[in-house]
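Taking the hints into account, I'd like the entire structure generated from these sequences.
There are 2 protein chains.
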Amino acid sequence: MIEKIAEPLEDLIIELMKLPSVGPKSAQRLAFHFANTDKKDIDKLCHALIGIKEKLFKCSICGNFSESKICKICSDKSRINDIICVVGDFRDLIAIEKSHAYKGKYHILGGLISPSDGIGPENLNIKSLEDRIENEKVQELIIATNPNVNGETTALYLAKIMSKYKIKMTRIAYGLPVGYNLEYADDITISRAIIGRREI
Amino acid sequence: MIEKIAEPLEDLIIELMKLPSVGPKSAQRLAFHFANTDKKDIDKLCHALIGIKEKLFKCSICGNFSESKICKICSDKSRINDIICVVGDFRDLIAIEKSHAYKGKYHILGGLISPSDGIGPENLNIKSLEDRIENEKVQELIIATNPNVNGETTALYLAKIMSKYKIKMTRIAYGLPVGYNLEYADDITISRAIIGRREI
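So the protein lines, in turn, are chains U and X. Under numbering that gives the first Met the number 0, the letters of the first sequence match residues 0 to 199, in that order. Under numbering that gives the first Met the number 0, the letters of the second sequence match residues 0 to 199, in that order.
The hints are simulated quantities; they were obtained by calculation from the structure and are not laboratory data. Heads up, a few of these hints could be off.
Because identical chains share one entry, a pair is satisfied inside a single copy or across any pair of copies.
Calculated lysine-lysine pairs in the DSSO-like style (CA-CA distance at most 30 Å, straight line) [as the list claims (entries may be wrong)]:
(1) Lys71 <-> Lys38
(2) Lys102 <-> Lys136
(3) Lys57 <-> Lys163
(4) Lys97 <-> Lys57
(5) Lys97 <-> Lys54
(6) Lys24 <-> Lys165
(7) Lys102 <-> Lys71
(8) Lys17 <-> Lys39
(9) Lys54 <-> Lys39
(10) Lys57 <-> Lys17
(11) Lys167 <-> Lys68
(12) Lys24 <-> Lys167
(13) Lys38 <-> Lys163
(14) Lys39 <-> Lys136
(15) Lys17 <-> Lys38
(16) Lys68 <-> Lys102
Remember, predicted model here, so these are calculated numbers, not experimental data.
Below, the structure is given as C-alpha cells:
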C-alpha cells in the first residue's frame, strides 16, 4: 500500500484483498465502488454478511447450508427419499438444482479428496453418509463429484468403501456438453463420449 | 435464484451481485467463501465498509478521498506546490503515486467527458481547478487523463478552456510500455512512440 492513501480506504482495500481472486487492482476498484455507493446499500451488504454468520447453519442430515437444523431439501416431503446424490460442496448442489433434472436428496461431502491439499477421506462427511445408508432406506447413490482428478479419486474411494452396502451406485455421465462443438472438445472428453454412447 | 437455497445465503448473493464485475457465479463463490470465513473476519470487513461511509470525505482542494477536510497530499508541505497533475479519478492518482515519479499536487476531475454516458464538462470538477489556477501560483498543469477516447477528449477540452491562463500545459507521454514487445504493440501506439521520439 502507498502511504498517501486515506486510512479508511486503505483499511477496506486490505480487507477486500483477503477475498478469493481479488488482487490489489480489483480491491482498489471495489473500494472505489463502495466509496461511491449509498450508505444504505453498504448497510444492506453488511447486514447480509452478518446474517450468514448468525442465521446460517449446516443441515444435520446432508451438510447443506440451511437456516434451520434441517435444510429445505431434506425436509421437503415431495422429494424422492431413497436416492442420494453425493456432491463436493454446496455450489455443486445449486448447479444440479438449477438443472431441475433431479428430485432426490443430497449429501454434501464438504470437499474432495486432494492429497496435494492434505485433504483425505477422514476430512469429508463420509461417516454421516454411511449412517444415512444404514438408517434411511437408500436405493441408489449417485456420485456427482466434479469430473476432475480430485472428483474422480473421491468417486473411486466412495465406490470402494460403499460396496459393502447392497445399493445401486452410479456416476454422472461424461460426454460432450450440450451445444458444444466436437472440433473444440479435448481427446479425453471425446473418448468418454464414445465409450458412453447410447442407442437412439 | 433458486428456491431451495437458504435465505441468508440468497440475501448475500443478491447483495454481492450488485458489485461491479460480479455475476451470479462469482457471487456464489464469494458467498460460499464468506460462509466458511470466521465471524471475526466478516466483522472486520463490515467495520471497514462502514468506515468508508463514516470516516471518508473528499478533499476540499483537490477532490481526492481523505479522512480529513484536506487530504494528505494537499497538506504535505514537502510536495511541489506549483504543479498540478489532473487525473480522472483516485485510482489514477494511486497509479501515479506508486510510480514515485511525481512530487507535485493533484486535481481529481471525478470522471472523464463521455457523451455516451451523458457525462459533460459540467459534471466534472473543472470549476474548482480554475479557482486553484487563479488563487494558487500554478506554473504547470499536467493532464494525466487516460490515453483513451474519453481521456483524450477531456484533455483537449481542458487545453482549450485553460489556454486563457498563462501557464504551461503538458500531456503525459504516449509510447511503448517499458518491457513491452514491438511485435505486439498496436499501430497507433507505435506511431505515437515514433512521433514522440527523443534524442539519446
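Quick rundown of the hints versus the structure:
In this homomeric assembly, Lys71 and Lys38 come within 30 Å of each other (Cα to Cα) only across copies, at 24 Å, whereas the closest approach inside a single copy is 33 Å. In this assembly of identical chains, the alpha carbons of Lys102 and Lys136 lie at most 30 Å apart only when taken from the same copy (16 Å versus 74 Å across copies). When the C-alpha separation of Lys57 and Lys163 is checked against a cutoff of 30 Å, the pair qualifies only within one copy, where the shortest distance is 28 Å, while the shortest distance between copies is 68 Å. With identical chains, the CA atoms of Lys97 and Lys57 are at most 30 Å apart within one copy only, with a shortest distance of 20 Å there and 45 Å across copies.
Taking the shortest Cα distances, Lys97 and Lys54 sit within 30 Å of each other inside one copy (24 Å), while across copies they are farther apart (42 Å). In this assembly of identical chains, Lys24 and Lys165 lie within 30 Å of each other by CA distance neither inside one copy nor across copies; the values are 54 Å within and 38 Å between. With identical chains, the CA atoms of Lys102 and Lys71 are at most 30 Å apart within one copy only, with a shortest distance of 13 Å there and 60 Å across copies. With identical chains, the CA atoms of Lys17 and Lys39 are at most 30 Å apart both within one copy (24 Å) and between copies (13 Å).
Taking the closest pair of Cα atoms, Lys54 and Lys39 come within 30 Å of each other both inside a single copy (21 Å) and across two copies (16 Å). Taking the shortest alpha-carbon separations for Lys57 and Lys17, both the intra-copy value of 24 Å and the inter-copy value of 26 Å come in at or below 30 Å. Within a single copy, Lys167 and Lys68 get their C-alpha atoms as close as 29 Å, which meets the 30 Å cut-off; across copies the closest is 70 Å, which misses it. Taking identical chains as interchangeable, the C-alpha atoms of Lys24 and Lys167 are never at most 30 Å apart, the minima being 50 Å within one chain and 32 Å between chains.
In this assembly of identical chains, Lys38 and Lys163 lie within 30 Å of each other by CA distance neither inside one copy nor across copies; the values are 58 Å within and 41 Å between. With identical chains, the CA atoms of Lys39 and Lys136 are never at most 30 Å apart, being 50 Å at best within one copy and 41 Å at best between copies. In the homo-oligomer, the alpha carbons of Lys17 and Lys38 lie at most 30 Å apart both inside one protomer (22 Å) and across protomers (14 Å), since each shortest distance falls under that limit. Taking the shortest Cα distances, Lys68 and Lys102 sit within 30 Å of each other inside one copy (21 Å), while across copies they are farther apart (60 Å).
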